[in-house]
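Undergrad: Assemble the whole structure, with the sequences as input and the hints as a guide.
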Amino acid sequence: MTNSDILKIQNLQKVFFPGTINQRHILKDINLTINSGDFISVIGNNGAGKSTLLNTIAGNLPVDAGSVTILGNDITNASVASRSKWISRVFQDPKLGTAGELTVAENLALSEKKHRHFNLHFYHSAERDRRFTTLLSRLNMGLEDRLNTQVKYLSGGQRQALSLLMATLSQPDLLLLDEHTAALDPYTSSEVMHLTNDIISERHLTSLMITHKMEDALQYGNRLLMVQDGQIKLDVRGADKQRLRKAELLDLFN
Amino acid sequence: MIIEGIGQGLIWSMLAIGVFLTFRILNIPDLTAEGSFPLGAAITIKLMLLGQSAIVATLAGFLAGCLAGIVTGILDTKLRIPSLLAGILTMTGLYSINMHIMGKANIPLLNQKILSSYLPAAWDPVIQTILLGVLISIGMITLLTLFFKTETGLALQATGNNQAMSAANGVKTDGMVILGYAISNGCIALSGALVAQNNGFSDIGMGIGTIVIGLASVLVGEIFITSRKIWIKLSSMVLGAIIYRVLLTLAMNFGVSPDDLKLFSTVILILVIVIPMIQSRQRAKKQLNKYLLSIRLAKEVSPDD
Ligand SMILES: Nc1ncnc2c1ncn2[C@@H]1O[C@H](COP(=O)(O)OP(=O)(O)OP(=O)(O)O)[C@@H](O)[C@H]1O
Ligand SMILES: [Mg+2]
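Here the protein sequences come in this chain order: L and F. The first sequence: position 116 = 116 (this note's numbering), numbered continuously. The second sequence: position 221 = 221 (this note's numbering), numbered continuously.
None of these hints come from the bench; they were simulated from the model. Hints may be right or wrong, so weigh each one.
Derived DSSO-like pairs (lysine-lysine); straight-line CA-CA distance at most 27 Å [what the hints assert, rightly or not]:
| no. | chain 1 | residue 1 | chain 2 | residue 2 |
| --- | --- | --- | --- | --- |
| 1 | L | Lys152 | F | Lys285 |
| 2 | F | Lys104 | F | Lys262 |
| 3 | L | Lys95 | L | Lys152 |
| 4 | L | Lys28 | L | Lys233 |
| 5 | F | Lys78 | L | Lys85 |
| 6 | F | Lys149 | L | Lys85 |
| 7 | F | Lys104 | L | Lys152 |
| 8 | F | Lys229 | L | Lys95 |
| 9 | L | Lys152 | F | Lys286 |
| 10 | L | Lys85 | L | Lys95 |
| 11 | L | Lys213 | L | Lys95 |
| 12 | L | Lys8 | L | Lys28 |
| 13 | L | Lys213 | L | Lys241 |
| 14 | F | Lys172 | L | Lys8 |
| 15 | L | Lys85 | L | Lys8 |
| 16 | L | Lys28 | L | Lys241 |
| 17 | L | Lys8 | L | Lys233 |
| 18 | F | Lys149 | F | Lys229 |
| 19 | L | Lys246 | L | Lys213 |
| 20 | F | Lys46 | F | Lys113 |
| 21 | F | Lys46 | F | Lys104 |
| 22 | L | Lys213 | L | Lys233 |
| 23 | L | Lys85 | F | Lys172 |
| 24 | L | Lys152 | L | Lys28 |
| 25 | L | Lys95 | F | Lys149 |
| 26 | L | Lys246 | L | Lys233 |
| 27 | F | Lys172 | L | Lys152 |
| 28 | L | Lys152 | F | Lys46 |
| 29 | F | Lys172 | L | Lys95 |
| 30 | F | Lys262 | F | Lys172 |
TA: Below you can see the structure in the form of structure tokens.
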């Protein structure tokens, strides 16, 4: 493992319902190393196993064989909460990434301190509100005036932008995005995608992004993975990725 | 008589607050109440009979309730038993435990000094009960309000609202759920401890129907929630418990026999669930008709443009 490795996945296997007639081998001996600064787009058919891969990295699904290490730490069996020290994610469903009953400020406060144990400090402070206002104003969605609005009253686009802000607030070592613009209208979707790209490049974040939008996969990021039938069929980066055209990509799908 | 109902409501209000914490903040239907309420009563009365002061005994009752909550919490989170069943299991187990604590089905106080008699003896017992209830309510609401302003309090609220998101943000959600169960059942047991002192005895059957009483109080209380502020929500629960008790007192006064009170409680709960639903549907219909009418009128004023 070199210094620039963020995440290392070795011989990862995931089998659903083993031993039954419904047995499905979804991840087949996956090996993947994510380097520091990588911005990876992941494409592939429905059911190829992309989300499953992401869920095993985030800890939402246990792996059946193989290992996952992040920055040299073996997290193969670690809980979602303990992985959050390194990993942040934005869900596909805008409702999933935020707590609807809580306010914008409360959601941000929750995401700010990741490595938490029991503590009785008050979470609200004027200084914090000011900081959040500054952060929100760059989204240009008017959220800076709605710090005390419950998140359930925001639109899907606003919620997703907020999720993105929350996920990146604590400078994660790895940012996971699973079709995080899929539930948004075309205009908002491209706004959120721009914002994502800006934040990732400004903060030099390492990120893995699943998308079904070929244009986004080609336009953004330095690396592209294609997952098919539980295996990584294509892994191109740098200049090779830039030469890639949409038509070639579509050909590879079949 | 209504005054008496208010006093009763105040000492039952800890039950409403406890049920509110699991039912509304954690979003969990917890039935442990049926066991933790009489547990609080049993521990407190037993300790008082053994010579402990009412203060120590009541505190012990509260803590015992917390323990009961932790048990349900562990069954729910660590053993992944559905929360409804987890509560039923704890409550059923507690029946035997309560029986062991008391030694028999009913233990009366002899002439031990109860909490409310720490107040000036010259005052009427009803007034003493009310004052004690007010003091404890204010104390508990203050503590809980402060708690929910802390990082951990925020994490607990987030866990109840969206577990996946909370875990992704580093919240140890299992721990938060267990903590919530503990505080909730502590409050419920405290209520049991106060009610038992007020009655002058602890009885093995005094938990029956607790959850219905608690839920009814919560739903009545929610009518008064006008803001997101946690202290308003908690105070509304106290108000809900009082109104519910006053209703019961009135019912008894109009000749409903004590045996029929549980049936009466059930009917009240059904009503407070159904009435707000009908109300909001009718309100929505009214607003819609008003809106449609205004469109029609606007069209008539300025036809075709
Ligand atoms: N928890 C689960 N239990 C059982 N089967 C599952 C589970 N999660 C995913 N699967 C199955 O695994 C397969 C791969 O699912 P996955 O969500 O990883 O695909 P995907 O590549 O993300 O597809 P899409 O592009 O549609 O999002 C699917 O057939 C799905 O039904
Ligand atoms: Mg998917």
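Undergrad: State for each hint whether it applies.
TA: For each hint, the structure was consulted:
1. L/Lys152 - F/Lys285: holds, 23 Å
2. F/Lys104 - F/Lys262: Cα-Cα ~24 Å, so holds.
3. L/Lys95 - L/Lys152: holds, 8 Å
4. L/Lys28 - L/Lys233: holds, 11 Å
5. F/Lys78 - L/Lys85: holds, 22 Å
6. F/Lys149 - L/Lys85: holds, 23 Å
7. F/Lys104 - L/Lys152: violated, 52 Å
8. F/Lys229 - L/Lys95: Holds, at roughly 23 Å.
9. L/Lys152 - F/Lys286: holds, 25 Å
10. L/Lys85 - L/Lys95: holds, 22 Å
11. L/Lys213 - L/Lys95: holds, 21 Å
12. L/Lys8 - L/Lys28: holds, 16 Å
13. L/Lys213 - L/Lys241: holds, 16 Å
14. F/Lys172 - L/Lys8: holds, 25 Å
15. L/Lys85 - L/Lys8: holds, 16 Å
16. L/Lys28 - L/Lys241: holds, 24 Å
17. L/Lys8 - L/Lys233: holds, 18 Å
18. F/Lys149 - F/Lys229: Holds - the C-alpha atoms of F/Lys229 and F/Lys149 are around 10 Å apart, at most 27 Å.
19. L/Lys246 - L/Lys213: holds, 10 Å
20. F/Lys46 - F/Lys113: holds, 13 Å
21. F/Lys46 - F/Lys104: holds, 11 Å
22. L/Lys213 - L/Lys233: Roughly 18 Å separates the two Cα atoms, so the pair holds.
23. L/Lys85 - F/Lys172: holds, 12 Å
24. L/Lys152 - L/Lys28: violated, 39 Å
25. L/Lys95 - F/Lys149: Judged against 27 Å, a Cα distance of about 24 Å means the pair holds.
26. L/Lys246 - L/Lys233: Within the cut-off at roughly 16 Å; holds.
27. F/Lys172 - L/Lys152: Holds: F/Lys172 and L/Lys152 sit about 23 Å apart, inside 27 Å.
28. L/Lys152 - F/Lys46: Violated: L/Lys152 and F/Lys46 sit about 48 Å apart, past 27 Å.
29. F/Lys172 - L/Lys95: With Cα atoms ~20 Å apart, F/Lys172 and L/Lys95 stay inside 27 Å; holds.
30. F/Lys262 - F/Lys172: Not satisfied, since the Cα-Cα distance of roughly 39 Å exceeds 27 Å.
Checked against the numbered hints above, the structure violates hints 7, 24, 28, 30; every other hint is satisfied.
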